[in-house]
Each structure stands twice: as structure tokens, then as C-alpha cells.
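Undergrad: Sequence:
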Amino acid sequence: MRLRGRKGIREALIAQPELIILEPAVYKGKWSTQFGNDNPIHVELGMGKGKFISELSYLNPDINYIGVDMYDELLRRAGEKAELARGADGGNIANLKLALFNIEKIEDIFDTHELERIYLNFSDPWPKKRHARRRLTHAGFVRKYTDILNDRGEIHFKTDSRSLFEFSLNSFADMNLRMRNISLDLHAEGARTDLVMTEYETKFFEQGVNIHRMEVVIGKQAMDAHLQRLEEMERSEE
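In this text, residue positions in the sequence shown follow full-length UniProt numbering: the first is 1, and each later residue adds one.
It should be emphasised that the hints constitute simulated quantities derived from the structure, not laboratory data. Just so it is clear, CB atoms sit at the ideal spot from N, CA and C, and this is done for glycine as well. Keep in mind that the hints are not guaranteed to be accurate.
[Claimed, not checked] Computed list of lysine to aspartate or glutamate pairs in EDC-like fashion (alpha-carbon distance at most 20 Å, straight line):
| hint | residue 1 | residue 2 |
| --- | --- | --- |
| 1 | Lys-28 | Glu-18 |
| 2 | Lys-203 | Asp-111 |
| 3 | Lys-144 | Asp-111 |
| 4 | Lys-105 | Glu-55 |
| 5 | Lys-28 | Asp-147 |
[Said to hold, decoys possible] So the derived label-pair ranges between C-beta atoms look like this:
| hint | residue 1 | residue 2 | range |
| --- | --- | --- | --- |
| 6 | Lys-203 | Met-70 | 16 to 26 Å |
| 7 | Leu-84 | Ile-9 | 46 to 56 Å |
| 8 | Glu-237 | Glu-11 | 35 to 45 Å |
| 9 | Ala-191 | His-138 | 26 to 36 Å |
| 10 | Ser-236 | Gln-16 | 42 to 52 Å |
| 11 | Thr-112 | Arg-134 | 35 to 45 Å |
| 12 | Met-175 | Gln-16 | 32 to 42 Å |
| 13 | Arg-235 | Met-70 | 44 to 54 Å |
| 14 | Asn-60 | Pro-17 | 29 to 39 Å |
| 15 | Ile-14 | Leu-227 | 46 to 56 Å |
| 16 | Gln-16 | Leu-59 | 28 to 38 Å |
| 17 | Asp-194 | Ser-236 | 40 to 50 Å |
| 18 | Glu-80 | Ala-225 | 20 to 30 Å |
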């Protein structure tokens, strides 16, 4: 994927130090200092134009969000989305940072147990078998996620690619990870108003394309809470 950016794009990014982080490795293990609090940190890997992460940050002020992408132009566009997400009140989104970085080395910018949630939205499916290791749900990546996620850690994954979804199901299962809320057609009964859509998702929904989604439980506290909910559901059905 190659993006043609506008002239002066790097200067524009440098001019937004409160939002855009051009050297994220400096903050490994210290992201809470960037936000000035100890609130949970949720990260979108491959944020694209930034609509999803910007809207989430506006809706959930008690959670810190980081959008990661490797393209200058996408950071610029995501910065614009962040402005739009502020709405009419014009409030500052202090709980959002946009980081320029290649996800392949994600362990270089996040420390062990530093994150609570990772979002993988419409990642490149890399359909050719020889490129399987590049898929963001390949075991090589997932092992990194399980290291940087904390005891409440989860992975939330969405894609329009059936083949990538099947690959991901097997990848998580082979690592003995618990999956929940698995859906082969997320919006079968109409758009889910409880979930924020990405740009791709909105387009695919309008075209009638099925969206596949799942949540993967990583941390011990997250697993305990999940099992407790299952027990409560079983008791309510008795």
C-alpha cells in the first residue's frame, strides 16, 4: 500500500505534538505519563483514517486510546478525524494519541502488560499462503499481543474477509485462547448501534457485505469476568 501525501505533511504532524507521536518508542512502558493518568489504554493497530479510534476516544473519556499506523498521510487524516470527533463543543481529546510506527515491531513501543485492549479492524488479509506470517492474527503477532496485554487484556477483531476470519479462528484456537461473541454477520439484524463502525465497515454495511467479528480473552481477570458472566447466564436460565 502506497499513499501520496500532501507537501509539508511531516511539518503538519510535527505541529501537533499533543496528538501525534512521531517517536513512540520513547514512551515504551511510560504511556500513562503521556496521558497524565493511569486509565486503561486501548490501542487500534492499523487505524487507517482514524474514524473508529477518534469516535471511541470521544465517547469514552475515562479510557486512553492510541491509534497506530505506519503512514504519514493516514496520521494526517486521522488528526482531521480527531478534530471532527470533538463535535460542536470543541473540547480537547486529551485521551487520544496517534502514533507513527510499523506494527511488525509493536513490542518496541509497548511494554509487558501495558495495554488493556487491542483492536484489529479490517487488517490486510494477505490472501496468499506464503504471506501468512504477515497477517496480524498470525501466531507470531498474537504472542506479542499476549505479552503487552495486562490481566484485563482482550483482542477485538473485525474483518470482511472470510478467509482471514477462518485463519484467525484457527490461530487463536491453536494457542488455546478463549473466543467469545463470534459473529459471521455482525449487522444481520441492522447496524449495531452499540459498536462504533470504521470507514470500511460503513461502506461494506451499505453494500450488504458480511462483517465477521470476535473477541479474544487474554488476561486472567478478563477470563474470570467472562466465566462469571457465563455462570450468571446459566443461573438465570434455570
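Undergrad: All the hints need checking, so say for each whether the structure fits it.
TA: Hint-by-hint comparison with the structure:
Of the pairs offered as hints, the one joining Lys-28 and Glu-18 holds, with about 17 Å between alpha carbons and a cut-off of 20 Å not exceeded. Note on Lys-203 and Asp-111: the hinted pairing is violated, with a Cα-Cα distance of about 35 Å set against a maximum of 20 Å. Restraint check for Lys-144 and Asp-111: satisfied, since their Cα atoms lie roughly 10 Å apart, inside the 20 Å limit. With a CA separation close to 26 Å, the supplied pair Lys-105 and Glu-55 exceeds the 20 Å bound.
The suggested pairing of Lys-28 with Asp-147 holds, with an alpha-carbon distance near 13 Å, which does not exceed 20 Å. A beta carbon spacing of about 22 Å between Lys-203 and Met-70 agrees with the range 16 to 26 Å that was offered as a hint. With their beta carbons about 19 Å apart, Leu-84 and Ile-9 fall outside the hinted range of 46 to 56 Å. The supplied range of 35 to 45 Å is broken by Glu-237 and Glu-11, whose beta-carbon atoms lie about 60 Å from each other.
As the Cβ distance of Ala-191 to His-138 is approximately 30 Å, the hint placing it in 26 to 36 Å holds. For the pair Ser-236 and Gln-16, the beta carbons lie near 49 Å from each other, so the given range of 42 to 52 Å is met. Roughly 24 Å separates the CB atoms of Thr-112 and Arg-134, a value that falls outside the hinted 35 to 45 Å. At roughly 38 Å, the beta carbons of Met-175 and Gln-16 sit within the given window of 32 to 42 Å.
For Arg-235 and Met-70, the Cβ-Cβ distance of about 47 Å falls inside the hinted range of 44 to 54 Å, so the restraint holds. For Asn-60 paired with Pro-17, a C-beta distance near 23 Å fails the hint of 29 to 39 Å. For the pair Ile-14 and Leu-227, the supplied restraint of 46 to 56 Å holds, since their beta-carbon distance comes to about 47 Å. Under the hint 28 to 38 Å, the C-beta atoms of Gln-16 and Leu-59, about 22 Å apart, miss the expected range.
Taken as a hint, the range 40 to 50 Å is violated for the pair Asp-194 and Ser-236, whose Cβ atoms sit roughly 20 Å apart. For Glu-80 paired with Ala-225, a C-beta distance near 36 Å fails the hint of 20 to 30 Å.
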